[in-house]
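Trainee: Sequence:
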Amino acid sequence: MAQKIITKKTTSKKITPPQKTTPKTATIKKPAAKKAAIIVDKKVKDEKKQPSLDKEESLANKYARSEEDTGSTEVQIAGLTQRIEELTKHLKKHRGDNDSRRGLLLLVSRRRRLLNYLLKTDPEKYQQLIIDLKLKK
1 MAQKIITKKT TSKKITPPQK TTPKTATIKK PAAKKAAIIV DKKVKDEKKQ
51 PSLDKEESLA NKYARSEEDT GSTEVQIAGL TQRIEELTKH LKKHRGDNDS
101 RRGLLLLVSR RRRLLNYLLK TDPEKYQQLI IDLKLKK
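FYI, in the UniProt record's numbering the residues of the sequence shown are 1 to 137.
It should be emphasised that the hints constitute simulated quantities derived from the structure, not laboratory data. Don't take each hint at face value.
Calculated cross-link-like contacts (lysine to aspartate or glutamate; reagent style DMTMM-like; alpha-carbon spacing at most 25 Å) [unchecked claim]:
1) LYS62 with ASP132
2) LYS62 with GLU124
3) LYS62 with ASP122
4) LYS136 with GLU67
5) LYS136 with GLU57
6) LYS125 with GLU85
7) LYS134 with GLU85
8) LYS120 with ASP69
9) LYS136 with GLU68
10) LYS136 with GLU124
11) LYS120 with ASP132
12) LYS137 with GLU124
13) LYS137 with ASP122
14) LYS89 with ASP132
15) LYS137 with GLU67
16) LYS134 with ASP69
17) LYS134 with ASP122
18) LYS89 with GLU57
19) LYS120 with GLU86
20) LYS62 with ASP99
21) LYS137 with GLU86
22) LYS125 with GLU57
23) LYS125 with GLU68
24) LYS125 with GLU67
25) LYS134 with GLU86
26) LYS134 with GLU124
27) LYS136 with ASP122
28) LYS62 with GLU86
29) LYS89 with ASP99
30) LYS137 with GLU68
Construct the entire structure; sequences and hints are all you get.
Mentor: Right, dumping it as structure tokens:
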């Protein structure tokens, strides 16, 4: 009986040493028009924020005991009321924004605690503040 001998051909791969590569640095070039548009957008955003800050400052000035007063209970309640109104408007547009909703609940509870404190310490100021800010008891 004759036996067949099968031989496999072996292929040898050439191993090349790793080549040195120089790292390429990416540079992003923005046209001048885009830069100007970005600057204008930032200014517009700042202007949008400004009216609410002015309104909050006017409320704070109305209830401030002195010119530098920022921490009295009445000023804090007025500022929180302004922030609550802004967040409420935001949440009417963006119903799924649960993080802002949680922030709103925290602000409302903080305002409620301050109102309770004001009621205990000075009921007359409490009544006046409720009327001025159009809050429910």
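Trainee: Look at each hint and say if it fits the structure.
Mentor: Taking the hints in turn, this is what the structure says about them:
{"no.": "1", "hint": "LYS62 with ASP132", "verdict": "10 Å, holds"}
{"no.": "2", "hint": "LYS62 with GLU124", "verdict": "16 Å, holds"}
{"no.": "3", "hint": "LYS62 with ASP122", "verdict": "17 Å, holds"}
{"no.": "4", "hint": "LYS136 with GLU67", "verdict": "28 Å, violated"}
{"no.": "5", "hint": "LYS136 with GLU57", "verdict": "23 Å, holds"}
{"no.": "6", "hint": "LYS125 with GLU85", "verdict": "21 Å, holds"}
{"no.": "7", "hint": "LYS134 with GLU85", "verdict": "12 Å, holds"}
{"no.": "8", "hint": "LYS120 with ASP69", "verdict": "21 Å, holds"}
{"no.": "9", "hint": "LYS136 with GLU68", "verdict": "29 Å, violated"}
{"no.": "10", "hint": "LYS136 with GLU124", "verdict": "16 Å, holds"}
{"no.": "11", "hint": "LYS120 with ASP132", "verdict": "19 Å, holds"}
{"no.": "12", "hint": "LYS137 with GLU124", "verdict": "14 Å, holds"}
{"no.": "13", "hint": "LYS137 with ASP122", "verdict": "15 Å, holds"}
{"no.": "14", "hint": "LYS89 with ASP132", "verdict": "20 Å, holds"}
{"no.": "15", "hint": "LYS137 with GLU67", "verdict": "29 Å, violated"}
{"no.": "16", "hint": "LYS134 with ASP69", "verdict": "23 Å, holds"}
{"no.": "17", "hint": "LYS134 with ASP122", "verdict": "18 Å, holds"}
{"no.": "18", "hint": "LYS89 with GLU57", "verdict": "19 Å, holds"}
{"no.": "19", "hint": "LYS120 with GLU86", "verdict": "28 Å, violated"}
{"no.": "20", "hint": "LYS62 with ASP99", "verdict": "31 Å, violated"}
{"no.": "21", "hint": "LYS137 with GLU86", "verdict": "21 Å, holds"}
{"no.": "22", "hint": "LYS125 with GLU57", "verdict": "19 Å, holds"}
{"no.": "23", "hint": "LYS125 with GLU68", "verdict": "20 Å, holds"}
{"no.": "24", "hint": "LYS125 with GLU67", "verdict": "19 Å, holds"}
{"no.": "25", "hint": "LYS134 with GLU86", "verdict": "15 Å, holds"}
{"no.": "26", "hint": "LYS134 with GLU124", "verdict": "15 Å, holds"}
{"no.": "27", "hint": "LYS136 with ASP122", "verdict": "18 Å, holds"}
{"no.": "28", "hint": "LYS62 with GLU86", "verdict": "19 Å, holds"}
{"no.": "29", "hint": "LYS89 with ASP99", "verdict": "15 Å, holds"}
{"no.": "30", "hint": "LYS137 with GLU68", "verdict": "29 Å, violated"}
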